[in-house]
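**Q** Go by the hints and put chain B onto chain A.
Protein chains in written order, with my numbering: chain A, -17 to 595; chain B, 8 to 429.
I should point out that these hints are in silico values taken from the structure, not numbers from a laboratory.
Certain hints may be false.
[Said to hold, decoys possible] Footprint (simulated), chain B over chain A, 3 or more residues, beta carbon under 8 Å:
(1) -3 to 10
(2) 21 to 33
(3) 544 to 555
[To be verified] Examples of chain A residues lying across from chain B (beta carbon under 7 Å, computed):
(4) R(-14)
(5) R(-11)
(6) Q(-10)
(7) Y(-7)
(8) Y18
[Said to hold, decoys possible] Computed cross-link-like contacts, DSS-like style, restricted to lysine-lysine with a CA-CA straight-line distance of at most 27 Å:
(9) K(-13)/A - K150/B
(10) K(-13)/A - K19/B
(11) K545/A - K43/A
Even for Gly, the Cβ is constructed at its ideal location relative to N, Cα and C.
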Amino acid sequence: METRKNRQFVYIALFILIFLVYTLRIAHIQLGPVPYKKMAIHNALNKITLYPSRSNIFDRKGKLMVYSTQMYDLSIFPHQITSLDTGLLCSILEINFQQVRFLLDDATIRSNKRQKNNSYNKSAIFYSNLSNGQFALLRENIYRLKGFFIESRTDRQFSTISASHALGYLGETKEPNAEIDNYYQAGDLLGITGIERFYEKQIRGIKGVKTVWQDRTYAERGAVHDTQFNYPSVAGPDVTTSLDIDLQEYGRLLLNGKRGSIVAIEPKTGEVLVFINNPDYDQNTMIGKERSTTFKALLLDPQKPLYNRAVKGTYPPGSTFKTVMALIGIQEGVLNATTTHGCGGGYRLGSITVGCHAHGGPLDLRGSIRISCNSYYCQVFRDIVDNPKYGDIKLGYAALEKHLRSFGLGRQLGIDLLGESKGNIPSVGQLNRRHGERWKSSTIISLSIGQGEILLTPLQICNVAAILANRGWYYSPHLVKKIEGYSDTGWDRKYKIKQFTTINPLHFVTVIDGMSDVTKPGGTANGTGIADIEICAKTGTAQNPHGRDHSIFLAFAPKDNPKIAIAVVVENGGFGATWAAPIANLMIEKYIRPSLITSKPDMEERIKTSVIK
Amino acid sequence: MDIRIYNKTTSKIDSIVVFFYICLIFIGFISINSATSVVNQKLYSFSPIAIKQLIWIAGAFIIVLSIVFSNIVVIDYFAYGFYAIAIALNVAVLFLGKEVSGAKSWFGYGGIGIQPSEFAKIATALALAKFLGTYGIRFQGFKNIFICFMIFLLPMAIILIQNDTGSALVFMAFFLVLYREDLPGFILLAAVWFLVLSILRIMSEANGISSFYGYGILLGLASMVVLFFRKDKEIVKIIILVAVLSSLFYTVVGTVYQQILQPYQRDRIELILGLKEDNKGVGFNLQQSKIAIGAGEFWGRGYMQGSQTKMGFVPAQHTDFIFDTIGEEWGFVGVLIFLLIFFGMLIRVVILAERQSTIFGRVLGYSLASVLFVHLVINIGMTIGLIPVIGIPLPFVSFGGSSLWAFTLFLFIFLRVDQVRK
Chain A
-17 METRKNRQFV
-7 YIALFILIFL
3 VYTLRIAHIQ
13 LGPVPYKKMA
23 IHNALNKITL
33 YPSRSNIFDR
43 KGKLMVYSTQ
53 MYDLSIFPHQ
63 ITSLDTGLLC
73 SILEINFQQV
83 RFLLDDATIR
93 SNKRQKNNSY
103 NKSAIFYSNL
113 SNGQFALLRE
123 NIYRLKGFFI
133 ESRTDRQFST
143 ISASHALGYL
153 GETKEPNAEI
163 DNYYQAGDLL
173 GITGIERFYE
183 KQIRGIKGVK
193 TVWQDRTYAE
203 RGAVHDTQFN
213 YPSVAGPDVT
223 TSLDIDLQEY
233 GRLLLNGKRG
243 SIVAIEPKTG
253 EVLVFINNPD
263 YDQNTMIGKE
273 RSTTFKALLL
283 DPQKPLYNRA
293 VKGTYPPGST
303 FKTVMALIGI
313 QEGVLNATTT
323 HGCGGGYRLG
333 SITVGCHAHG
343 GPLDLRGSIR
353 ISCNSYYCQV
363 FRDIVDNPKY
373 GDIKLGYAAL
383 EKHLRSFGLG
393 RQLGIDLLGE
403 SKGNIPSVGQ
413 LNRRHGERWK
423 SSTIISLSIG
433 QGEILLTPLQ
443 ICNVAAILAN
453 RGWYYSPHLV
463 KKIEGYSDTG
473 WDRKYKIKQF
483 TTINPLHFVT
493 VIDGMSDVTK
503 PGGTANGTGI
513 ADIEICAKTG
523 TAQNPHGRDH
533 SIFLAFAPKD
543 NPKIAIAVVV
553 ENGGFGATWA
563 APIANLMIEK
573 YIRPSLITSK
583 PDMEERIKTS
593 VIK
Chain B
8 MDIRIYNKTT
18 SKIDSIVVFF
28 YICLIFIGFI
38 SINSATSVVN
48 QKLYSFSPIA
58 IKQLIWIAGA
68 FIIVLSIVFS
78 NIVVIDYFAY
88 GFYAIAIALN
98 VAVLFLGKEV
108 SGAKSWFGYG
118 GIGIQPSEFA
128 KIATALALAK
138 FLGTYGIRFQ
148 GFKNIFICFM
158 IFLLPMAIIL
168 IQNDTGSALV
178 FMAFFLVLYR
188 EDLPGFILLA
198 AVWFLVLSIL
208 RIMSEANGIS
218 SFYGYGILLG
228 LASMVVLFFR
238 KDKEIVKIII
248 LVAVLSSLFY
258 TVVGTVYQQI
268 LQPYQRDRIE
278 LILGLKEDNK
288 GVGFNLQQSK
298 IAIGAGEFWG
308 RGYMQGSQTK
318 MGFVPAQHTD
328 FIFDTIGEEW
338 GFVGVLIFLL
348 IFFGMLIRVV
358 ILAERQSTIF
368 GRVLGYSLAS
378 VLFVHLVINI
388 GMTIGLIPVI
398 GIPLPFVSFG
408 GSSLWAFTLF
418 LFIFLRVDQV
428 RK
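Looking at chain A on its own, in the form it has when it is part of the complex (with noise of 0.2 Å):
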């Protein structure tokens, strides 16, 4: 019976190789080179984003300019999609089978991706925008979808439909943006142009996230309340602008049915008061639903909508140059107040004409500017680039160029926009390619009454007019003024430097003189001036080589403390005396008096019902 008591031992022999090759197998899967923790926290936490909500954006007065609002989106978990009611999404959505299994393998696509990524956020959306009756139908039916789910997002509303293209408007991202940073998820929203775009970085806000626990079906199953993996979002500190609403809404008004642009600026301080183009576009059809098919409309427009002409556009300035040119000429020495200059209704150079309008005798500077004689600007410039101190003409022209970019010209103010253009200013080299090397001053007379290679932006005008205002100096243009709590971080220190032109200020005061007879009689706006506000102004008239002159008008007003400094462009509008100084009159009457109604109420009406073909 007992022969066989050895065998014990092979059983607990057994015993312990099992024991350990088991210990063995568990310490490679528990102290092995693979992951796994890292691969159980993969699988269980779901990091849900918060969105924040973006910046609620003022204007000067306070007045509130776009909000955010809530957008919802229709999102899944790929694998937990198991069976699908397609009919059902299709008729909530009113799209086809097709595009659901689009939009599914899309989706996945995108959930695969994040999910390699090492993202713990495994949901992808699936069909964003949702519109009110879509949101309606799915909340109630959300059930019978498993695997998908609606998320909330933050969209943007309009208060005011006047200042398109200096808010910008919102896009979706189709992939991580890494343009800017990492920040996005395809399908958020971010800021393409404008501010919106401008200030990106600090309105769309800080994203929380939210982690919660989920198991294999996907399904929360709660918190997870360490606070590393939680944190909630912040919304876009409140922004405010330089803009003020009732006069951009008044401008738009007097622009209607012209294409052209009012910039305006507060002098002291380079804040930019009005920016309008028209056309433009309601920015409310830019948002939800609708943003991509009106994107794509306003696109396809021939009247170019979305063409930001304010800072893109660019216009030879016409006889407002004259104010520049003359401010050059005094402080180069050839030009004082009571040079005189004859004209027989233009200015004859060998086989060159620059034509003249009819006015009578020889004028003083001051009669200069207010009579806008072409032959007197054609003297001046003579004067300033075949000035003898410089020996030739190349090295006076050069003079000449410092002086204008020392005015903001031929380079970007630095406005806080993207694609600001920088305008042209010839400079000596272009010149020589253009018109060979052996050009004389006759070669390039156009310049002195701002034709030719010289082109400004509506921006840049009007920032001319604010340095005439300041007598000599303006800080960059800036759409805006204040970030809440950002007050520390400098974002808005190149708006704090002062920036001087190369012109003694002394020099401004009998061009400005000049300036402040242009809407009297015997002016070239003669008529359309504001009684009891002293504006000082300049008449444009551009000639257009596609077609009508341009009508463009710079002002300033007070004479004495300006508050206002102002360019309007109206494109084909002929005489600048016609279309755009009524504009920039009524403008500056509404700023300067914004409670009363115009003294001028036949110009408003004429111009407010005006249509330019």
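**A** Only chain B this time, still in chain A's reference frame:
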């Protein structure tokens, strides 16, 4: 053996085994509680399933007390009777039982179910102990061996018909018992040989290798050994017999594998043999189980912190895969302590079995150790990917009344037999 009435309590119930038993029950209970708890559940509150387990545990203690304090233990007298009842119940369940996850092995009364196959193990052990205690394994040569085999192959077959492969496989444990009782070693050797053959055949089938290679190798091996022993006619005869049987078996395995096994069963086997990599379907459970255990690392993630098990990534996290909770929450340290407790219990039971004065007691002890051992090997082996996923509980630890009560019954009947040994 004579019919005897155990009425003496000269020595005490073995306290070492009882200690291990209580440890395992406790580990099981807290693991079940953790695996079924809700997120952020308070440390000292219990999930509904844990409370249910508490009721099962209370029932188990009643069983323990009634065994320990029963003055008359006539267990070997009624051994065959128990066996007959167990067989009858297991047959009855085929007709009257309800189906749970594909296996028709439960008697259900409302929300509570009883699995008769769990109790068949102890009944079989008693019957085997009784038979061997009476006749001994070699008493009448192969006839007795055949009867011994039939005693455990009969319930095994019935349970297979219930479609509860896991529970049926456990009856293989009785091979080990017979080994201690002088079962010729070559039978076990043959079993190992046939296992190797099976694995080879499955591997070649899965890889699409022609079976002729297998036959060729068998023939080659046999020829070489025959040449080596050509002087000894007896050995040559045996070798030829083995070769023929092996070839036959090799053919049968191939046929069964291809024609009888379901695709999912083939998948499971191939997955374990490393012939297939699959982290989505069948492999998902295994992969999740490994992630759970692996996530425990050295010290574990902490009690109630096991997200893999709690969040249901691991299937059957409170029943068959309860070991994952131990691994995930208590880490390598916890696993080591657990294994030491379990193997400690096994070795202690073998020691107790060896000190029995009767064959009945010894066979009962070895049956207990072997059944526990096979459960442990299969259950833990499957969670760590060494054995195909076969659903059987981890004794004393997994959630469930039938398993707990049956093993408690088994354990304490043996301890009581040990207590009153001469």
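**Q** Determine for every hint whether it applies to the structure shown.
**A** Structure-based check of each hint:
1. -3 to 10: holds (count 10)
2. 21 to 33: holds (count 6)
3. 544 to 555: violated (count 0)
4. R(-14): 5 Å, holds
5. R(-11): This interface hint holds because 5 Å falls under the 7 Å limit.
6. Q(-10): 5 Å, holds
7. Y(-7): Because about 5 Å separates Y(-7)/A from the closest Cβ in chain B, which is inside the 7 Å limit, the hint holds.
8. Y18: 3 Å, holds
9. K(-13)/A - K150/B: The given pair, whose Cα atoms are some 23 Å apart, holds under the 27 Å limit.
10. K(-13)/A - K19/B: Holds, at about 25 Å.
11. K545/A - K43/A: 15 Å, holds
Violated hint for the displayed structure: number 3, the only one.
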